[in-house]
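Residues per chain are reported as follows:
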Amino acid sequence: MSGVVTAIDPQAARRAADEVPSIPCDAEGPVFREPWEAQAFAMALALHARGLFTWPEWAATLGAEIRRAQAAGDPDTGETYYRHWLNALERLVSEKGVAGAEVLARYRDAWDRAADRTPHGQPIELRTDDFK
Amino acid sequence: MSAHDHDHGHDHDHGSELSEMQLRVRALETILTEKGYVDPAALDAIVETYETKIGPRNGARVVAKAWTDPAFKRALLDDASKAIGTLGHVSRVGDHLIAVENTPQRHNMIVCTLCSCYPWEMLGLPPIWYKAAPYRSRAVKDPRGVLADFGVALPQETEIRVWDSTAETRFLVLPMRPPGTEGWSEEQLADIVTRDSMIGTGLPKVQP
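Residue numbers (our numbering), protein chains in the order written: chain C, 44 to 175; chain A, 86 to 293.
Bear in mind the hints are in silico, worked out from the structure with no lab data behind them.
In the BS3-like style, the derived pairs of lysine-lysine whose C-alpha atoms are separated by at most 25 Å in a straight line are:
(1) A/LYS167 <-> A/LYS150
(2) A/LYS120 <-> A/LYS216
(3) C/LYS139 <-> A/LYS120
(4) C/LYS175 <-> A/LYS120
(5) A/LYS138 <-> A/LYS290
(6) A/LYS290 <-> A/LYS150
Residues from chain C that keep clear of chain A, each with C-beta distances beyond 10 Å, as calculated:
(7) ASP61
(8) GLU100
(9) ALA102
(10) THR104
(11) ILE109
(12) ARG111
Here are some, though not all, of the chain A residues that point toward chain C, as calculated from beta-carbon distances under 8 Å:
(13) VAL123
(14) TYR135
(15) TRP205
Glycine included, each C-beta is placed from N, C-alpha and C at the ideal position.
Let the hints inform the model, and build the full structure from the sequences given.
In structure tokens:
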């Protein structure tokens with residue numbers, strides 16, 4: 044659809060890629076293996092735009108997550124990059140007091156129940172009774 | 086958290102399935118939205134700008150091959166799942182993929198409710214408007230008007246067929262090869278096959 048309104052400066056992604064150098068990119072910018080990776084990327088851009096963290100802070104947290112994964116035997120082939128990205132996102136969200144691990148787990152489980160009860164072929168939507 | 090991200094096996098008797106990473110991303114997005122930290126529409130808009138940068142874009146390669154290889158095109162229109170299976174490098178096509186061919190007489194358009202088995206490896210990222218039920222139903226009732234919204238004007242004599250994707254059957258539009266692309270390689274051709282052209286809300290784009 045043309046004329047999509049975005050609250051995010053399109054240059055922000057490029058700046059993010061510059062400041063966080065290990066982001067998988069092609070000549071034009073970031074590339075993603077699966078849609079969830081792009082969603083995780085978009086959340087980091089949006090939270091940065093809102094001032095929740097600076098890029099140096101983000102790079103440090105992501106770097107720590109990558110080192111932790113490598114120490115635990117991550118092959119570091121690039122395929123797992125956005126897993127580390129999501130770990131870093133969850134960690135920062137928790138450290139900044141937005142939502143802790145328990146809340147994250149509760150919502151994750153709720154989505155799991157929503158998926159379970161949604162017949163194959165229908166869109167999955169979250170309902171209050173998915174939270175137990 | 087242990088992860089079975091690539092466990093895409095579907096159990097048709099039970100519910101839908103989301104991978105561990107999809108669950109965590111949805112959880113985080115829901116929380117951030119509820120707390121007012123992010124606007125889902127803004128997130129969608131960011132993701133949409135990477136439309137051509139997500140996933141393997143298998144459908145574009147399939148279309149390009151059909152344009153250059155008449156035998157493959159016949160096989161594709163006869164049984165898309167089987168034809169794509171012969172390419173080897175393309176995984177998880179789904180069993181019931183149907184390719185519908187655009188011709189001067191007939192234009193095809195696909196709508197979908199975005200279930201967990203949306204074939205993004207084939208079609209790429211789904212368009213944002215698939216999330217809007219009123220817009221999807223308008224696409225069924227007034228396809229010509231919806232195409233006009235997307236800047237696609239077809240001759241009055243071209244019939245427009247709308248296909249509703251279901252759990253059992255998914256569709257891939259085989260667009261018409263644009264003039265001026267004679268002698269192009271499959272790779273060059275694949276580059277002009279957009280997501281919108283494979284769901285019928287756009288036409289392949291040839292840069293002048």
